[in-house]
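Okay, here's what each chain looks like letter by letter:
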Amino acid sequence: MLELRELTVRYGAETAVDAVSLTIPDGPFGVGLVGESGSGKTTIARAIMRLVAASGGSVLHDGEDVLRARGGALRAYRHAVQIVFQDPDLTLDPRMRIGTAIAEGMRAHGRVSREAAAARVSTLLGEVGLEPEHAGRLPHQLSGGQRQRVAIARALAVEPRMLVLDEPTSALDVTVQARVLELIAALRQQRSLSYLLISHNLAVVEQLCEQVAVLYRGHLVEVGPTAELLDRPAHPYTRALRAAVPELDEALPAPAIRPDATADAAPVTDGCPFADRCPMVLDRCRDERPELRELEGRRVACHRAEEAIELPLEPPRG
Amino acid sequence: MSLIVRDLRIGFGDRTVVDIDVLEVGDGAIVGLVGESGSGKSITSLAIIGLARSAGAWVEGSIELDGRELTTLDESQWRELRGDRIAMIFQSPVSSLNPVFRVGDLFVRALRLHGATKAEARDRAARAMREVVLSPDLLRRYPHQLSGGQAQRVAIAMAVALRARVLLADEPTSALDVTVQAEILELIQRMRREEGISVLFVSHDLAVVSGLCDRVAIMQDGQIVESGATGPTLRAPAHPYTQRLVAAIPRLGSAHA
Chain E
1 MLELRELTVR YGAETAVDAV SLTIPDGPFG VGLVGESGSG KTTIARAIMR LVAASGGSVL
61 HDGEDVLRAR GGALRAYRHA VQIVFQDPDL TLDPRMRIGT AIAEGMRAHG RVSREAAAAR
121 VSTLLGEVGL EPEHAGRLPH QLSGGQRQRV AIARALAVEP RMLVLDEPTS ALDVTVQARV
181 LELIAALRQQ RSLSYLLISH NLAVVEQLCE QVAVLYRGHL VEVGPTAELL DRPAHPYTRA
241 LRAAVPELDE ALPAPAIRPD ATADAAPVTD GCPFADRCPM VLDRCRDERP ELRELEGRRV
301 ACHRAEEAIE LPLEPPRG
Chain U
1001 MSLIVRDLRI GFGDRTVVDI DVLEVGDGAI VGLVGESGSG KSITSLAIIG LARSAGAWVE
1061 GSIELDGREL TTLDESQWRE LRGDRIAMIF QSPVSSLNPV FRVGDLFVRA LRLHGATKAE
1121 ARDRAARAMR EVVLSPDLLR RYPHQLSGGQ AQRVAIAMAV ALRARVLLAD EPTSALDVTV
1181 QAEILELIQR MRREEGISVL FVSHDLAVVS GLCDRVAIMQ DGQIVESGAT GPTLRAPAHP
1241 YTQRLVAAIP RLGSAHA
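Protein chains in written order, with the numbering used here: chain E, 1 to 318; chain U, 1001 to 1257.
Calculated directly from the structure, the hints in this document are not laboratory data. A virtual CB, placed ideally from N, CA and C, is assigned to each residue, including glycine. Heads up, a few of these hints could be off.
Unchecked claim - Quick partial rundown of chain E residues pointing at chain U, CB under 10 angstroms, derived from the structure:
1) R5
2) Q177
3) A178
4) A243
5) P246
6) L252
7) H303
The task is simple: from the sequences and hints, build the whole structure.
Following this line, the structure appears as structure tokens:
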């Protein structure tokens, strides 16, 4: 189990992630993390992987604080939690054969003989839907979808219990994406994996995640069971996200929140981070930041959540 | 204005990557050109705006804009036409704007190229910005100081200011958040409704295309394998490739984990 407790990440004066608390239970279980670009999704992923330093709060893995872990404890954590990036080319060295790339992680994390590693590579390739022959290829000899499967195999090589999946299918064509999503679903059952799935695609999150967390400008604004959040969003920003998804054979969604016509987002002061774009904003929202609180099976940070949750999903077209 | 592409072949060296019999964008129509990566949809739109050759490709066949053949234009004729009659917006809006000029100067340079005085140009730029719901204050900014949605609206405002009649949009919302995507799509619809512009909308996203476009053409391996009115084509696709594309779209409400 992985627990973020008031995780905060600052880049200079800017707070990218502001006191986010979130739990990813043991697998098989998926938690989706959604929000617009710049909302802090990838920063959270990087903080979990210790690729950026947290400025405050903690990340607990089975109760141990991983942000302060060193030596053996850190190695054990790096076995347990692995990351898959949007662009497999960032993970794969263009001059390294696929088999070597997969075995590299395995061997870095423990003493494995060359023969044993080769056998494991074949098994892993099979598990992600590739052939043993692929081990001898170079990354550019594979398609984008195949390279992402290799990145997943490489992550699985150290037998992790949890994956951080950062937009794993966003760079793939839709038919390829569908097959990679099926792969993730199958692996999660076979290996009892849990994952944090970062995606801008709510339908992808719905397909793979029991829970979803919604970020806005570094703040967690709503978190709870996926089906309930998507059917009856309680935060106006979740509603806007949900309403903006274009669907086949339906009229385009009307823009649900005010466009950022003037440029800089108003600096978040004491009030709600969403106040300057919120269609339901009150004076109170500008002065008093709403805390996350329980409402109908989820946690939501909005003064008007009780009203928002009762509103019909599609805003009237104007 | 209408655009008709006939017997268009595009290739690199001895490899033909596009072979289109016919593709038509009627006056005031929005037509979707859909395909996956490598299908040839982007190089097709570059050929239509006369930029395929500078990308190293050869182009054969006919591209007519209101009866005027475009494939035989030279670069100076193209400079007059581009922006003035036909404009293009790209997937990454920030990098499609010249980074060394302020947004306002980009407008002035483009408009003066097409005969406006400096004062006229400034005036038209401010009006075009308001038309795409942006504050004219943004004219003082550099492109990198804009958000992705703002930059895409600036690119559209530039097409508006130049009074382009045909807009080629190559994945214009693929890099944007869904809430921003909804704004841009609404803007494109409004441009068509109010200005009567014609749009060729190149996209991999069938859900967006189904809501935006009157007609759709599906491209696979350089060829249009199916085309027709958007609703019927996507509701009952005839070609196996279109069927696969439609089936692969992740849809909300179709699965609960």
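How the hints compare with the structure:
Restraint check, R5/E versus chain U: the minimum CB separation of about 25 angstroms is more than 10 angstroms; hint violated. For Q177/E, the interface hint holds, the least distance from its beta-carbon to any beta-carbon of chain U being 7 angstroms, beneath 10 angstroms. Taking 10 angstroms as the C-beta cut-off, the interface hint given for A178/E holds, the closest approach to chain U being about 4 angstroms. Taken as an interface hint, A243/E checks out: its beta carbon lies about 8 angstroms from the nearest beta carbon of chain U, inside 10 angstroms.
Because the smallest distance between the Cβ of P246/E and any Cβ of chain U comes to about 4 angstroms, under 10 angstroms, the interface hint for this residue holds. Restraint check, L252/E versus chain U: the minimum CB separation of about 4 angstroms is within 10 angstroms; hint holds. This hint is violated: H303/E has a C-beta 21 angstroms from the nearest C-beta of chain U, more than the 10 angstroms allowed.
Hint compliance for this structure: hints 1, 7 are broken, all remaining hints hold.
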